[in-house]
Structure formats: C-alpha cells, structure tokens
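Q: Okay, here's what each chain looks like letter by letter:
There are 2 protein chains.
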Amino acid sequence: MGNSAGESGSLTREPLDAARADAFAPMFKALGDPVRLRLLSMIASARGGEVCVCDLTGEFHLTGPTISHHLKVLREAGLVDSDRRGTWVYYRMIPAALAVMGTLLETGIPV
Amino acid sequence: MGNSAGESGSLTREPLDAARADAFAPMFKALGDPVRLRLLSMIASARGGEVCVCDLTGEFHLTGPTISHHLKVLREAGLVDSDRRGTWVYYRMIPAALAVMGTLLETGIPV
DNA sequence: GCTCTGATTCGACAGTTCTCTATAAATTCG
DNA sequence: CGAATTTATAGAGAACTGTCGAATCAGAGC
Numbered sequence: 001m002g003n004s005a006g007e008s009g010s011l012t013r014e015p016l017d018a019a020r021a022d023a024f025a026p027m028f029k030a031l032g033d034p035v036r037l038r039l040l041s042m043i044a045s046a047r048g049g050e051v052c053v054c055d056l057t058g059e060f061h062l063t064g065p066t067i068s069h070h071l072k073v074l075r076e077a078g079l080v081d082s083d084r085r086g087t088w089v090y091y092r093m094i095p096a097a098l099a100v101m102g103t104l105l106e107t108g109i110p111v
Numbered sequence: 112m113g114n115s116a117g118e119s120g121s122l123t124r125e126p127l128d129a130a131r132a133d134a135f136a137p138m139f140k141a142l143g144d145p146v147r148l149r150l151l152s153m154i155a156s157a158r159g160g161e162v163c164v165c166d167l168t169g170e171f172h173l174t175g176p177t178i179s180h181h182l183k184v185l186r187e188a189g190l191v192d193s194d195r196r197g198t199w200v201y202y203r204m205i206p207a208a209l210a211v212m213g214t215l216l217e218t219g220i221p222v
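Quick mapping for you: the protein sequence lines, in order, are chains A and B.
Going by the working numbering, the first residue of the first sequence is number 1, and it counts up by one from there.
Going by the working numbering, the first residue of the second sequence is number 112, and it counts up by one from there.
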C-alpha cells in the first residue's frame with residue numbers, strides 16, 4: 001500500500017497523516033451516536049449475519065425515517081451494506097471495516 | 112461488573128443496550144474528527160508517553176484556541192489526560208480507553 | 001390496475017459543532 | 001512588579017446533525 005503510517009496501522013505506533021485521518025474519521029464519526037452504535041451492534045451480532053430493518057425499528061423510540069437516516073450514515077461510512085429482498089431490506093456488516101478500526105486502536109497492551 | 116452485554120464486550124457478540132451505547136458513543140464521537148484523530152495519534156505515539164501542546168499546534172493550519180478545543184473534547188471523552196509543568200501543558204493517553212474501544216470492535220475475525 | 005405494507009427521501013426546525021477573534025489565566029524571567 | 005509566552009475560555013457566526021411529519025418509492029397480493 002506504500003503508506004507512511006506503518007503497516008500495522010495502529011494509531012499508537014506513529015502519527016496518522018492528514019489523508020488517513022480524513023479517511024478514517026468518518027467511520028468513527030458514524031459510531032459516535034448511541035443509536036448508530038446500537039444499530040451496528042444489532043446488525044453485527046445478528047444470527048445469520050443480517051437483520052431486517054423491520055426488526056430494528058421497533059427497538060427504538062424513533063420514527064422509521066430517523067432509523068433510515070442512521071442506517072444510511074452507517075452505509076455511507078462503509079460499515080454496513082444492505083440489500084432488498086421483496087418487501088424487506090436486510091442489513092449486514094462489512095467485517096473488514098470493523099477490523100480496520102480495531103487495528104487502528106490497538107495499543108499493544110493486553111486487555 | 113454485572114452487565115448484560117457479555118464480558119468480552121464485543122459489539123459483534125450481542126446487541127449493546129442503550130445505557131452502554133450512551134456511555135461508549137462519546138468516545139467514538141471524539142475520534143470522529145480528522146483533527147482529533149491526528150491529535151490522539153500524535154499523543155498516543157509520542158516518545159515518553161506524552162507530548163507538549165506546543166508541539167501539536169504547529170502541525171495544523173488551525174489556531175491555538177481551536178487545538179485547545181479539540182484537546183478538551185478528547186479529555187472530556189476520557190481518552191487523554193493533561194498536566195501542566197511550568198509554562199507548558201503535556202497531554203498523555205489513557206490506554207484503558209483505547210483498549211475498551213478496541214475490544215468493542217473485535218470481530219473475532221483474524222486480520 | 002389498485003391497495004397495502006415496508007423503507008427511503010424530502011423539507012423543516014432546534015440544537016450542536018467547528019472555527020475564528022478577543023480576552024483572560026498561568027507561569028517564567030528580567 | 002511588569003512584560004513576554006503558552007494555554008485556555010468566552011462569544012459569535014456558518015455549517016452540520018438528529019429528529020420529525022409528509023410525500024414518495026418498491027414490491028406483494030388481491
């Protein structure tokens with residue numbers, strides 16, 4: 001890839017350059033809202049690897065359009081993908097995205 | 112700790128409840144800005160474990176107050192801590208915070 | 001085709017955020 | 001003390017965000 005921020009990609013190894021920061025920040029930003037964090041968690045932990053929007057909406061005291069908006073933010077951040085099957089729309093996680101973020105946050109300190 | 116979201120804490124294991132989402136979202140939100148992502152990276156990767164604000168400011172095309180604002184956001188999110196020694200203020204990472212976030216993002220899928 | 005249901009888009013509004021300038025606080029040094 | 005330096009706070013303005021209600025789009029089934 002030829003980047004200058006280390007192959008491990010960890011934030012703690014060396015300073016992130018501006019271009020990479022611009023690329024990664026939107027992912028963190030997408031998770032920076034409690035509703036989206038729960039949505040992603042529901043999607044990521046769903047049995048079968050995907051979940052219907054109809055099963056997400058009821059878990060929040062929010063209208064459909066608002067849930068739809070948050071799902072769009074997650075989608076545009078590259079964290080999830082969706083596809084329609086008949087009447088319903090199913091969302092699934094993009095595992096590589098979470099992996100990238102997780103790698104960025106590695107401290108090298110055992111938890 | 113007696114939580115209901117699993118000891119591993121991973122987002123992918125089971126859905127995050129609202130209270131935990133409220134607790135964790137601000138950390139992600141704090142990293143959701145490219146300037147703060149770079150600031151945290153500079154702080155986290157600094158030799159000696161800490162860095163003087165005077166060494167951060169020059170790396171951005173932003174005024175001092177703006178950098179100060181972003182550092183405050185990182186501090187209030189619990190990601191960094193600061194202390195003044197003489198004229199200068201030094202910031203250092205709180206490693207446990209990054210570890211918590213990293214654990215949340217674990218997919219169980221080897222990178 | 002018409003209607004019903006599920007999901008998204010549109011338009012609006014209150015609240016928040018990012019940035020700046022100006023000012024203030026903390027500390028050192030003469 | 002007074003001046004210089006470094007960092008933080010206060011206040012303001014433009015831009016963005018989260019939420020809603022209304023309208024629209026996509027399919028299923030009569």
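Some hints could be false.
Sample of chain A residues at the chain B side, in silico, Cβ under 10 Å [what the hints assert, rightly or not]:
1. Leu31
2. Asp33
3. Arg85
4. Gly102
What the hints contain is simulated information worked out from the structure, not anything from laboratory work.
Backbone N, C-alpha and C fix where the C-beta goes; we use that ideal spot for every residue, glycine too.
Q: If a hint holds in the structure, say so; if it does not, say that too.
A: Now for the hints, and whether the structure bears them out:
{"no.": "1", "hint": "Leu31", "result": "4 Å, holds"}
{"no.": "2", "hint": "Asp33", "result": "6 Å, holds"}
{"no.": "3", "hint": "Arg85", "result": "22 Å, violated"}
{"no.": "4", "hint": "Gly102", "result": "4 Å, holds"}
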